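Colleague: This is what each chain is made of:
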Amino acid sequence: DAKTTQPPSMDCAEGRAANLPCNHSTISGNEYVYWYRQIHSQGPQYIIHGLKNNETNEMASLIITEDRKSSTLILPHATLRDTAVYYCIVRVFNQAGTALIFGKGTTLSVSS
Amino acid sequence: DVKVTQSSRYLVKRTGEKVFLECVQDMDHENMFWYRQDPGLGLRLIYFSYDVKMKEKGDIPEGYSVSREKKERFSLILESASTNQTSMYLCASSLGSSGRTEAFFGQGTRLTVV
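Note that the protein sequences, when read in sequence, are chains U and G. Here the numbering used here is used: the first residue of the first sequence is -13, the next is one more, and so on. Here the numbering used here is used: the first residue of the second sequence is 363, the next is one more, and so on.
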């Protein structure tokens, strides 16, 4: 399984962009990068995923480097409700199915 | 919307009891997962299932078993609950074996073993 490395915590001012980095230097060619977040006392929530190209949806943008060894999740205009633990995950693929293996994530604190 | 429902939000059980945690999903997903979450340790995979009656061990299966008799239901069983199994338990489901699909999580069951 490819492992990911994330900073344990980050701060961001409300209204500013939050850029959350993730290193996954051992990622395989067929593994996707997924981002989830977990707001306190709730189950994790899917944000976005990508393989090679940059991706954008209504929640965030995902920038993956050309060598695929790292990525950045961008919340363009962070709000207080974006305070959460953000997990960068490389999806494991095997014949029997897939399993999400979580690391410890980055705790993002958005303040006014 | 996909819904993953866990039978209890909070549960208190005694040491040695047999405990069943139930999870139901309504979107015909093939994969279902059980995690536990503890402060400082993050989410750890206990078991997952990729089809009815099929199961795979995760990182920490000791002390747990699972049952998947129907596609929509995945049960986590603590054969003899111990205090070190006090934790938040999270169930998730996802489509198929492709790497492309996201997982949906339930709200969690906070289990306390006394």
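Hints in this document: simulated from the structure, not taken from any laboratory. It should be emphasised that the depicted structure is a prediction, and the values quoted were computed from it without experimental measurement. Glycine residues also receive a C-beta, built at the ideal position from the N, C-alpha and C atoms. Some hints could be false.
[Stated by the list, open to error] Okay, derived cross-link-like pairs now, DSS-like style, lysine-lysine, Cα gap no bigger than 27 Å in a straight line:
#	chain 1	residue 1	chain 2	residue 2
1	G	LYS417	U	LYS90
2	G	LYS433	G	LYS380
3	U	LYS(-11)	G	LYS419
4	U	LYS90	G	LYS365
5	U	LYS(-11)	G	LYS417
6	U	LYS90	G	LYS419
[Stated by the list, open to error] So the derived label-pair ranges between C-beta atoms look like this:
#	chain 1	residue 1	chain 2	residue 2	range
7	U	LEU66	G	ASP400	21 to 29 Å
8	G	TYR372	U	PRO(-7)	29 to 37 Å
9	U	GLY15	G	LYS419	22 to 30 Å
10	G	PRO423	U	THR12	19 to 27 Å
11	G	PHE382	U	GLU52	25 to 33 Å
12	G	VAL476	U	LEU66	34 to 42 Å
Colleague: Decide, hint by hint, whether the structure agrees.
Modeller: Hints and how they fare:
no.: 1; hint: G:LYS417 <-> U:LYS90; in the structure: holds (25 Å)
no.: 2; hint: G:LYS433 <-> G:LYS380; in the structure: holds (23 Å)
no.: 3; hint: U:LYS(-11) <-> G:LYS419; in the structure: holds (19 Å)
no.: 4; hint: U:LYS90 <-> G:LYS365; in the structure: holds (25 Å)
no.: 5; hint: U:LYS(-11) <-> G:LYS417; in the structure: holds (23 Å)
no.: 6; hint: U:LYS90 <-> G:LYS419; in the structure: holds (20 Å)
no.: 7; hint: U:LEU66 <-> G:ASP400: 21 to 29 Å; in the structure: holds (26 Å)
no.: 8; hint: G:TYR372 <-> U:PRO(-7): 29 to 37 Å; in the structure: holds (33 Å)
no.: 9; hint: U:GLY15 <-> G:LYS419: 22 to 30 Å; in the structure: holds (26 Å)
no.: 10; hint: G:PRO423 <-> U:THR12: 19 to 27 Å; in the structure: holds (25 Å)
no.: 11; hint: G:PHE382 <-> U:GLU52: 25 to 33 Å; in the structure: violated (49 Å)
no.: 12; hint: G:VAL476 <-> U:LEU66: 34 to 42 Å; in the structure: holds (36 Å)
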